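Q: If you want the building blocks of each chain, they are given just below.
Number of protein chains: 4
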Amino acid sequence: MSKLFFRYGAMNSGKSTAMLQVAHNYEERAQNVVLVKSATDTKGKDQIVSRLGVSRQADLLLSPGQDLRASFHDLCQQRALDARTIGCVLIDEAQFLTPEQVDQALEIAVLDSIPVVAFGIRTDFRTRAFPGSQRLMEVAHSLQEMKTICRCGSKAIFNARVGKQGIIREGEQVMIDGDSAQYEALCARCYLVPDRT
Amino acid sequence: MSKLFFRYGAMNSGKSTAMLQVAHNYEERAQNVVLVKSATDTKGKDQIVSRLGVSRQADLLLSPGQDLRASFHDLCQQRALDARTIGCVLIDEAQFLTPEQVDQALEIAVLDSIPVVAFGIRTDFRTRAFPGSQRLMEVAHSLQEMKTICRCGSKAIFNARVGKQGIIREGEQVMIDGDSAQYEALCARCYLVPDRT
Amino acid sequence: MSKLFFRYGAMNSGKSTAMLQVAHNYEERAQNVVLVKSATDTKGKDQIVSRLGVSRQADLLLSPGQDLRASFHDLCQQRALDARTIGCVLIDEAQFLTPEQVDQALEIAVLDSIPVVAFGIRTDFRTRAFPGSQRLMEVAHSLQEMKTICRCGSKAIFNARVGKQGIIREGEQVMIDGDSAQYEALCARCYLVPDRT
Amino acid sequence: MSKLFFRYGAMNSGKSTAMLQVAHNYEERAQNVVLVKSATDTKGKDQIVSRLGVSRQADLLLSPGQDLRASFHDLCQQRALDARTIGCVLIDEAQFLTPEQVDQALEIAVLDSIPVVAFGIRTDFRTRAFPGSQRLMEVAHSLQEMKTICRCGSKAIFNARVGKQGIIREGEQVMIDGDSAQYEALCARCYLVPDRT
Numbered sequence: 067m068s069k070l071f072f073r074y075g076a077m078n079s080g081k082s083t084a085m086l087q088v089a090h091n092y093e094e095r096a097q098n099v100v101l102v103k104s105a106t107d108t109k110g111k112d113q114i115v116s117r118l119g120v121s122r123q124a125d126l127l128l129s130p131g132q133d134l135r136a137s138f139h140d141l142c143q144q145r146a147l148d149a150r151t152i153g154c155v156l157i158d159e160a161q162f163l164t165p166e167q168v169d170q171a172l173e174i175a176v177l178d179s180i181p182v183v184a185f186g187i188r189t190d191f192r193t194r195a196f197p198g199s200q201r202l203m204e205v206a207h208s209l210q211e212m213k214t215i216c217r218c219g220s221k222a223i224f225n226a227r228v229g230k231q232g233i234i235r236e237g238e239q240v241m242i243d244g245d246s247a248q249y250e251a252l253c254a255r256c257y258l259v260p261d262r263t
Numbered sequence: 067m068s069k070l071f072f073r074y075g076a077m078n079s080g081k082s083t084a085m086l087q088v089a090h091n092y093e094e095r096a097q098n099v100v101l102v103k104s105a106t107d108t109k110g111k112d113q114i115v116s117r118l119g120v121s122r123q124a125d126l127l128l129s130p131g132q133d134l135r136a137s138f139h140d141l142c143q144q145r146a147l148d149a150r151t152i153g154c155v156l157i158d159e160a161q162f163l164t165p166e167q168v169d170q171a172l173e174i175a176v177l178d179s180i181p182v183v184a185f186g187i188r189t190d191f192r193t194r195a196f197p198g199s200q201r202l203m204e205v206a207h208s209l210q211e212m213k214t215i216c217r218c219g220s221k222a223i224f225n226a227r228v229g230k231q232g233i234i235r236e237g238e239q240v241m242i243d244g245d246s247a248q249y250e251a252l253c254a255r256c257y258l259v260p261d262r263t
Numbered sequence: 067m068s069k070l071f072f073r074y075g076a077m078n079s080g081k082s083t084a085m086l087q088v089a090h091n092y093e094e095r096a097q098n099v100v101l102v103k104s105a106t107d108t109k110g111k112d113q114i115v116s117r118l119g120v121s122r123q124a125d126l127l128l129s130p131g132q133d134l135r136a137s138f139h140d141l142c143q144q145r146a147l148d149a150r151t152i153g154c155v156l157i158d159e160a161q162f163l164t165p166e167q168v169d170q171a172l173e174i175a176v177l178d179s180i181p182v183v184a185f186g187i188r189t190d191f192r193t194r195a196f197p198g199s200q201r202l203m204e205v206a207h208s209l210q211e212m213k214t215i216c217r218c219g220s221k222a223i224f225n226a227r228v229g230k231q232g233i234i235r236e237g238e239q240v241m242i243d244g245d246s247a248q249y250e251a252l253c254a255r256c257y258l259v260p261d262r263t
Numbered sequence: 067m068s069k070l071f072f073r074y075g076a077m078n079s080g081k082s083t084a085m086l087q088v089a090h091n092y093e094e095r096a097q098n099v100v101l102v103k104s105a106t107d108t109k110g111k112d113q114i115v116s117r118l119g120v121s122r123q124a125d126l127l128l129s130p131g132q133d134l135r136a137s138f139h140d141l142c143q144q145r146a147l148d149a150r151t152i153g154c155v156l157i158d159e160a161q162f163l164t165p166e167q168v169d170q171a172l173e174i175a176v177l178d179s180i181p182v183v184a185f186g187i188r189t190d191f192r193t194r195a196f197p198g199s200q201r202l203m204e205v206a207h208s209l210q211e212m213k214t215i216c217r218c219g220s221k222a223i224f225n226a227r228v229g230k231q232g233i234i235r236e237g238e239q240v241m242i243d244g245d246s247a248q249y250e251a252l253c254a255r256c257y258l259v260p261d262r263t
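Residue numbers (the numbering used here), protein chains in the order written: chain S, 67 to 263; chain X, 67 to 263; chain A, 67 to 263; chain E, 67 to 263.
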């Protein structure tokens, strides 16, 4: 049995960089990795993009209805790879996975004995979990925080949606576009106390 | 700003012992603590009971509709304690808190600057989060795992409801009675693969 | 391969309580544990004593020259236990182990595949590692902090020796007697800045 | 009071990448950082080099006899920066710091209230701590592991020096040259059991 890891952090905590580093560490030891990205995140298309300037193509672009475990095994077959030689499955933007896909990730770890590391945001702009993050927090073997800072220097834990009038507290959960400036990672105090933001 | 901690673990991971130890550590340094217990957990009544044989009365028995932050401040007033002198608020069986009460716990940490440590189970017998645990996993500053073992020796992460025919996978979320033997902490593999349990 | 864990914390962080809880968790699942205590710590004799009021006899009282791994296997033989059925080896006051004994603990984990959890203090009153803690910090698979608080409410990380004139900064590393009041767990600031202590 | 963090990991665990990411995270929030590198590590000269392909010049190249805290404040003065506006001090190859320099790093965190994050290797090829890592493990507020894998897929915790006849177990602690292939991160079992390596 291998483990399912959820490495969560607010926006801009370096999740994609960390994921590309893990891939690099495995490959340096001559072990294959499979990089998965949720197709819900249309930003960067099929690229996993780190703000440090490194990027790389995903092996699998996962749509909401798709079976993650079946797709993983199909991919191995297409590439003539024995699944047992895969060192690790890495998932970017894992908050957008469906709960079923998280269960399939758990099965890859537990039944196929391949470690799965999912990177994602914990909550949306209303501090509510995304479906994928909620399921990951329920079933992952290990929850590992990735840190970043708030404008005030404290640890940021929330992802605020910011408009002209300040923090927006109602609306659609997912709103992806080119302008990432409308989201801001904040600490709990800067999020909760209006006049501080 | 202080922090809200969620120390989660499967059944029988020693959560109540750890909570009583934290209380002891603060009091040894002459700092007051307030012990909260969810009234939903009728087992042990108003006692926080450790399987190691230590027990202690809760200061606050919290019903679902009750405001945690207001009740905490009322209690301080009744006992003529300045809330600012409270070293820590400790919550037992925190999975039974309502989401609103978790938000109030966050406010005690962030707005009143008193550390809050909530101890609880992550998921029910169907591996779904309890309302309190879900909210805690969304907003706590720090998620800390408390470990225990499965019958097979691996780390237990799930809480199975076990009947005469094996693992029960459907039913009411909460079922508290005197017979704790009907729940069993299991690892993911012993939970997922029927013939192993 | 199992792991060697070092759970370190300042004085009075609840290390013995945590150790007795781990023992309880294994035994509840019908797995044997072996409790080791350094004979250098003459306090409590062969008892592992928790400040919460729980105590229990050690299975093995380890003197500095003694081989931990050989003694462990001898004990199993004496008790007619197959070493492979031991769920866990637990070590109290592990800072007093010799470096060789820590290496033997690592061998129990790695070569005999039995998890070893060592509990101990990180540093002495001059903030220098004990021989056992130093070796544990070098080779343990996992370093896990156990927290307690300073008189000021911050996390304590140092163990000060306190005399009538305040903090004592020179002297013998080990000085065990009945009067534990002469040691105090402090945060770095209360330790470093004289007029604050 | 801020904290001193020691993020340790075996060779090739992504420490420099993580350090450059932390720097990026602070600067994105318009906070200054100061990057320190031990001059003992002559590889890459004054550059902090990540194996992912990112690199950056260190602000301070620290020689063994140099006072870290004084040098840090001198640098701030030279650059007309108020030290209080520095968000974070980051140290690469921190295992090469002298114990005194680690104490100075602690003072920057505790007395100047600037978080210090030191990245480094825990032990040398004989599994003995470097002077800097030993002191960091004694006094850091938080010890955080960075993971990488062994050739066998397990977590690597040791840094073996490998020659034509296999693992070398005696020699000089520091031997830096261009040929990094002579070191290999290994798990405890592959390090301890000769015929496995």
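By construction, these hints were calculated from the structure, which means they are not laboratory data.
Please read these numbers as outputs of a predicted model, since none were measured by experiment.
Among the hints, erroneous ones may be present.
Remember, identical chains collapse to one label, so a pair may be satisfied in a single copy or spanning two.
What the hints assert, rightly or not - Derived lysine-lysine pairs resembling DSS-like cross-links, with alpha carbons at most 25 Å apart:
(1) Lys213 / Lys69
(2) Lys230 / Lys109
(3) Lys221 / Lys69
(4) Lys221 / Lys111
(5) Lys230 / Lys111
(6) Lys111 / Lys69
Q: A separate judgement is required for each hint: does it hold in the structure or not?
A: Evaluation of the provided hints:
Taking CA atoms no more than 25 Å apart as the test, Lys213 paired with Lys69 passes in both settings, with 22 Å inside one copy and 14 Å between copies. Within a single copy, Lys230 and Lys109 get their C-alpha atoms as close as 23 Å, which meets the 25 Å cut-off; across copies the closest is 49 Å, which misses it. For the homomeric pair Lys221 and Lys69, the shortest alpha-carbon distance between copies (11 Å) is at most 25 Å, but the shortest distance inside one copy (27 Å) is not. In this assembly of identical chains, Lys221 and Lys111 lie within 25 Å of each other by CA distance neither inside one copy nor across copies; the values are 30 Å within and 33 Å between.
Taking CA atoms no more than 25 Å apart as the test, Lys230 paired with Lys111 passes in neither setting, with 28 Å inside one copy and 47 Å between copies. With identical chains, the CA atoms of Lys111 and Lys69 are never at most 25 Å apart, being 28 Å at best within one copy and 37 Å at best between copies.
Against the hints set out earlier in the document, violations occur for numbers 4, 5 and 6.
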